[in-house]
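Mapping of the sequence shown onto our numbering: position 310 corresponds to residue 327, and the numbering continues sequentially without gaps.
Just so you know, these hints were derived from the structure itself, not from any lab. The structure presented is a predicted model; accordingly, all values stated were derived computationally and were not measured. Keep in mind that a hint or two might mislead.
Derived EDC-like pairs: lysine to aspartate or glutamate, alpha-carbon spacing no greater than 20 Å straight-line [as the list claims (entries may be wrong)]:
1) Lys315 <-> Glu479
2) Lys315 <-> Glu489
3) Lys345 <-> Asp398
4) Lys208 <-> Asp150
5) Lys315 <-> Asp478
6) Lys315 <-> Glu373
7) Lys98 <-> Glu209
8) Lys98 <-> Asp29
9) Lys208 <-> Asp29
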Amino acid sequence: MHSTPPSKARRDSYHILASICASGVLIPIVFSGPAIALPDIARDIGGSVFTLSWVVNAYNVALGSFVMAGGALADQIGRKKCFLAGLAIFAITSILIAFAPSLAMLNTLRAIEGLGGALTLTAGASLIAQEFDGHARTRAFSLLGTSFGLGLAFGPLLTGLIINNYGWRGLFIAIAVASAVILLAISRRLKESRDPNATGIDWPGTISFTLALIAIVFAIVQGPEFGWSSVYILLPFAFGVLLLFLFVVVELRSTSPMLDLHLFRYPRFLGVQLLPIATGFSFIALLVYLPIWFIGAKGFSESQAGLAILPLTAPMLIVPFLSGTLAKYISPAVLCSGGLTLAAIGAFLLSGISPESSTLSIAVAMAIIGIGNGIPWGLMDGLAMSVVPNERAGMAAGIFGTMRVVGEAVAIAIMGATLIGLTTAFLGNLPPTTTALTSSDLANAIASGNVNRALGDMPSDEHAQLFQLAAESYAGALQIVFLAIAILAFASAVILLITLRTPSKTETRSAAAYPPSNDGH
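Please build the complete structure, drawing on both the sequences and the hints.
Right, here's the structure in full:
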């Protein structure tokens, strides 16, 4: 039997790491790129702001609901198979999306793409843990974190340039090509591995959680369109709540639950869950709606919008690592709380946004928000694991990862519904025009970045009047939303400091007595 020379094995390991890091750059782009493409998608195949929002929401809901199941599947059938399957799903769905003739097909394919994202994300991390040990593993995960930072920081700018030159379909072709290149580069070098103690997928928990998330997000997104008292909203919301209750019952009774809800007995672990909620609203949701503001109200192109939000995203490349260094001297709880306070200040500054606001003033506020969110960004997962007993750390990381993605999906849905509802209310009764345009039509247009298209060939004075009215109404909605984000971020910072205090004697006794689980982590 011939053994692999150490030098070749080392080269293979770093080749694998490079490919996984490339997928780490790609994953944030698959999320943020289509958000910037929404105005171009609307111009090409139409759709209301509600149906367009599912271009983002379908991906996020699928990703969030399948993260834990994806990890379990990788442990059971093989990490290599799941990682390559995730990349293949990215490539196939993206090329199909590029030729999608309708928004319904596009949104369906985006949901399938979210499943690919879950497989790529979970299996990629497991493969790094398999290939590296000790300090090399720490460095490898640090490089993966840097890759995610690169995708977050420069993804909007890159996708904006692609959309400007090749349209939204060109963006998805680029994603398909990148996915295929990574897949081909890594497929022969990867070694298969499984967890011999894997317990399989918790299908009852996965299905009930997924359906609950779909129903609740649907009710939130469609609320402004149908009316919050409509049976079409109340029934899905009630159905979602019922399914969540069923999910809790299933998980508490399961011998190998998808999410071990017993961990929420720990007050500090419960407090940490505020972090993905706060960052979901104060950072992730802004990646979706600020580009639309720049395109719709300021008249920017997609590439200009991608460049404009660079002050928000660029800190994610550096700040998480700086906060990791600071954590040696300052409590992570204090750092996370301080970061959210900084984000609250930035959001408060943005609550004065108007069509006349200078790009510089918006950039300063965005930079403060980006730095504020960057501080807890690299500490959150470790903090979630540090506040539970060591034997529960794997499950704690899984729960927190799920909460992170789900929190982002819900934050995007709530912010979108709030913006369209407030914009419609601020528009009120439109002045008489030569078209049959309603306040709801105009709110839809500005919220999807296509107000000029909606106004069409209207006389120039009426066009200017309605454009200004739409921009001011959308700005008014943003002002309220940013003020709410500031309050949420600051409240989360305070609660975090209180809940992450030194554990009480009761909690310490509970931690000591808590039995290890058979979740395989």
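Status of the hints after comparison with the structure:
no.: 1; hint: Lys315 <-> Glu479; in the structure: 18 Å, holds
no.: 2; hint: Lys315 <-> Glu489; in the structure: 11 Å, holds
no.: 3; hint: Lys345 <-> Asp398; in the structure: 16 Å, holds
no.: 4; hint: Lys208 <-> Asp150; in the structure: 16 Å, holds
no.: 5; hint: Lys315 <-> Asp478; in the structure: 18 Å, holds
no.: 6; hint: Lys315 <-> Glu373; in the structure: 9 Å, holds
no.: 7; hint: Lys98 <-> Glu209; in the structure: 7 Å, holds
no.: 8; hint: Lys98 <-> Asp29; in the structure: 18 Å, holds
no.: 9; hint: Lys208 <-> Asp29; in the structure: 10 Å, holds
Comparing the model with each earlier hint shows no violations; every hint is respected.
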